[in-house]
Amino acid sequence: MSATASRPSADPAILRARRAEDVVVGEEIVRHRLATRVIHWTVALFFFLALFSGLPIWTPLFGWMAHLLGGLNVCRWLHPWAGALFFASMAVMFVHWLGEMRLEPRDREWLRPQKVAAYMKHQDDGTEGGKYNGGQKLFFFAAALGAVGLLLSGLVMWFPLEFPRMLRELAILLHDVTFILFVLAVVFHIYLGTAAEPGTFHSMIRGTVTKPWARLHHPRWHREVLGEETRRP
Amino acid sequence: MTTQNLEIRRSSASLWGEKTGMRHLPVVSKFIDTTTCIGCKACEVACQEWNDLEAVPTRQTGNYQTMPELDAEFWNLIRFNERDFDGGVVWLMRKDQCMHCEDPGCLAACPAPGAIVQYENGIVDVNPEACIGCGFCATGCPFNVPKFHAKTGKMAKCTLCVDRVTSGLEPACIKACPTGCLQFGTKDDMVALGHARVEQLKGNGFANAVLYDPPGVGGTGVVTVLGHGDHPEWYGLPADPHVPVGVRFWKSVLRPLGVVAMIGAVLGAIGHFMYQGPKEPRARDGEPPPPPGA
Amino acid sequence: MTNGWVDIKNADVILAMGGNPAENHPVGFKWFMEAKRNRNARLVVVDPRFTRTAAVADLYSPIRAGTDIAYLLGIIRYALENKRYHEDYVKLHTNAPLLVNPAFTFNDGLFSGFDPAKGEYAKDTWAYQLGGSFAKTDPTLQDPQCVFQLLKKHVERYTPEMVEKICGVPKETFLKVAEVVTSTGNPERAGTITYALGWTQHSTAVQIIRTGAMLQLLLGNVGRPGGGVNAFRGHSNIQGATDTAGTFEILPGYLKTPTGPWQSLKEYLDANTPKPLEAASMNYWQNTPKFMVSLLKAAYGKAATKENDFGYSWLPKVDGNYSWMYIFDDMYRGDTTRAGGKEPGPEALITFGMNPVGLGPNSKKMVAALAKQKWMVVVENVETETSIFWKAPKEYEGPPPSQVQTEVFLLPAADFAEKDGTFTNSARWLQWKWKALDPPGQAKADQEILARIFLAVRDLYQKEGGALPEQVTSVSWDYTSPASPDLGDVLKEMSGKALAEVHDPNDKTKVHTAGQQLDGFGQLMDDGTTMCGNWLHSGVYTEAGNNAQRRNNADPTGLGMFHNWAFSWPANRRIMYNRASADAEGKPWDAKRPGITWNGEKWVGDVPDMKPDAPPGTYGAFIMIPEGVARLYAPTFNDGPFPEHYEAVEAAVVNPLHPGVTSNPAFKKFTSDKDVYGTKEDFPIVCTTYRLTEHFHYWTQHQHQGLLNELQPGFFVEIPEGLAREKGIENGSKVKVTSARGQIQGVAMVTRRLYPLKVDGKEMWQIGFPIHWGFAGDPGHTGPLANMLTPSAMDPNTWTPEYKAFLVKLEKA
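Order-wise, the sequence lines are chains A, B and C. Residues in the first sequence are numbered from 1 upward in steps of one, following the numbering used here. Residues in the second sequence are numbered from 1 upward in steps of one, following the numbering used here. Residues in the third sequence are numbered from 1 upward in steps of one, following the numbering used here.
Hints are computed from structural coordinates only; laboratory data are not their basis. Don't take each hint at face value.
[Said to hold, decoys possible] Simulated pairs of lysine-lysine, DSSO-like, Cα-Cα distance not exceeding 30 angstroms: (1) 176/C to 202/B; (2) 202/B to 171/C; (3) 306/C to 266/C; (4) 592/C to 202/B; (5) 364/C to 727/C.
Please read all numbers here as calculations on a predicted model, not as lab measurements.
Isolated chain A (complex conformation) (with noise of 0.2 angstroms):
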């Protein structure tokens, strides 16, 4: 694929990646060194086990994803554990991530009714948008919520006797709509990883990105990765 194919082994955009984020390599820039990706497949792995196992019990329309886990009683046994993991999971993630997630003046500003519009229409600039834009922060920090709100509806769901009725009816209902919610945004975080913006998912498995996507979706990542700006602390 690179310069250096002849000995993939010896791939050193991979070897960079291992370790190193926000470097350049050759043509290409670590935007994920392999610690945050398997972190986050990790966070995504759990998530599914969780989606496929919890969607039979939310609504039998899904019932028969029940069967590739080995029937409602598995899902039953495996969603609360699968769940506890993604939660998990996604706690060492936002403490991996939080440094890079911090809001920030800018972000607010990306995140305003026109910018997002122009966004979606692929008009805006990218200027403002550091490493993550305003979106992906905003993204970050939502699931984040929806895993405490997932967590804590999910323990009143997972051991029912120890809370009283109320409660726990108000679990199910946090749950669902948290539960909504995140699949929305999921839906939307995997759009925008695939289909939407080539290169996106490339990131999340090589690692790497290169310098015109880098250009195109975050200018200013890519003029700190050149050097071309300082990096902001």
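Use these hints to put chains B and C onto chain A, whose structure you have.
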């Protein structure tokens, strides 16, 4: 407990409806007259023995009531309540068990297909084979009846002795009742019996006597004569039980909306892609095109 | 019961007092509820505690434990004062018109004839005025010496205010009760009184029950369907036991036990065959010779001949009090109360289906008494407090186990379901039950254990002789299987058979040849041609078969008499004294509820308590009484011809009626160092004991992991809320209860169901606790014996201890 030979009217988490009813069965009901109940607990013993339930360990806490709540191994509990009334006390005893609602909150809340069924004769039953022990039914029940059985991981509650009733026998508790405060028959007959008794009580100084058959859950398969009908809470009964609004909301509004929203989101993404296409860097001078497949 | 369980459904008013039938007789209680549902009957409960029965009552009245007589005499006064009694009935069927000896007096709490030194009454001044051999009467009830006027005078003091003062019941509540109860004092309505051990376990027990009976007589309720005085027995077969010489002073069928002065059969019969006191008295006990001779023939068979007084001399002649309380006192003291205390006390004990350490009062004395025995045989189906008395915890103060020399033999006995036989219920029905399963291990049915002991003892007498071997060797043991008699054989023997050709005295067409079962006690003879083990049960096993096994529930009367269900003694009669259900012409007081009716030729309806073809007016309705009428005034009891309110022996107050005589002057108590009594100053709280539905005596808590143990898991003390507040006691916390005799601990059950009482102007509290627990149950379900605290003071007629009212103090533990 057993769905053999039984006609199902309603079944939990059913997409299509599972009505199997071809036979017309009259709706049955228990009749409890709290004004002639002496709290002897014969019904408790009969329930335990007929259903082969284990004795639940208890200890003396200063109450005639065996346990604070029903239990997965104890489906029939007499509740004892002392209240001040008319310058003295009243000591109210009520047999607590599944009320077999016409509109069962447990069935509404249950996510496992067929785990809770309502037979044609109105009996609401847990099918342990399908039950996943999630406890949603407990949340859906306005009477706090279904209990989790730790050993089996299933929910358990009074079956209205569906095995006996199917064979033409009265439930075990009714059989054991020594005072006749428990009766069993068709719902119509039991309601008539109840109204007659209420009229008699009204003539005997119980001005507020009622037959408790709460319309909020469509009526119950256990109708109860209360001498102090103005205070159902004295008997441990909710004044106006309903399937919880939350259950109704999540079941009938939130989940369909959620499904629609999710499908909408997916379609939205597809539509956006079709309309807008991918956001890709335009090739600039001096830079190679982006790697294929990225 | 004079009536029966089912008959309660015919009542318009039910007074449940001295008993908690919903708790202790829940199955029979069905008929209370039937009466409520179908007749709109009123259920009135008078009880120290707001009980399970009170929970379904129409009217509840609190009462201080032990003051029932004052309460009932108050109702009697109310009935007389307000003319709410059944006058025709009273004139016709009671001794109200009979004239009493003018020497009879009642002053300051004492009836005439009291001997303070012995604590006993001489009864001669209590007699009727006689004209010839019959009592004089005043049918107008105006003579100041007639029973009616004497009664009126006697109850004059029991005003509603006095009832309030003594019983602690608000006057208004009492008056409501009095009004409802006396609403049956007329032909149109009928009311019943039900009681149990809440009446029988007092130092004034017999007089309490009498007061209830007197009230029912005044209201015209005795003998009528829906009426009666109905004792609920505390065990499934205690009625059968009592009928069959359950206590020392009676032989089977309530014949008196021979005593020293009655050395010959003639002396015995002369003393025990009463003379009629009225011309119209049937005086049924005039048949005593027939009953007694037939009993002797059953006991000694061929060895009983006219020449040897039918073996009468072999019957032991009782020389003192052998009631079990006295036996234990003798055991404890090591000598006997009999023969002036000069005889050595018992040295060994066989206890059969009885747990004296559990059920006797003053448990410490029970344990100490057993520790003085050389050996003891306990026949039981579980290990009881008695069989392991030497393991009693230290608070029972028995000697250390190493020093107990008593050799204990525990013989495993079959359970009720492991043997057949009859239960005689409270309604006097002998009902056969069939064995359900074999006894476990080496357990044997009672009759086998008894038979094998008897045969072994007889063997010894036959081989080795003795002081009077005939007493044992002459006993008839004519059973198919001598080592384990068939209970059908035994029932046949009790029912009676002809030993020669017997002609029915009333119906010459009925002839029984030798060996045939008789139809009933009317065919018994006093010449040795019949035998009958219990004349009262005669007719239970006839040539038609075992009538105790009948299960035909047809009820042509519609009143629940069920004449073809089992056998009701006497003579399959369902309502005793049923002649009193009809007026002078033999017409039922209430045509809708006839007991018996004279149809011009004979009495029809229930089995008449009357000669079936004797027209109205021939005999009085109460055929067992020499007066021929029922006694409002009873010159036969040991503590007075009228009931009078006396405080319990441990008196909570000085008797407001006569401060000089607070407690029953004739009550009996013991004087050993362990028989101590507390005073109201040291022990200010009134205490009572009771049973619970969930347990059967000291037995069910032996179930290992049993359901009943979980339904009522442990000992508790019921404490009124106000008292708990005063003492800082929380529901569910531990408390200590102390009487003069001991101390126990238990969980507090703080309740509103025990009302605060105002007695004689002072606030007073009552507490109570159930019996059931002891140190021998399942290890998870042991507890203190309630009787650790109860006193051994006794009623002077029956020697029943005063379990139901004694004094304690209460503390946090």
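Hint check:
1. 176/C to 202/B: Cα-Cα ~19 angstroms, so holds.
2. 202/B to 171/C: Distance of about 26 angstroms is within 30 angstroms: holds.
3. 306/C to 266/C: The hint holds at about 12 angstroms.
4. 592/C to 202/B: Distance of about 26 angstroms is within 30 angstroms: holds.
5. 364/C to 727/C: Given that 30 angstroms is the threshold and the Cα spacing comes to 28 angstroms, the pair holds.
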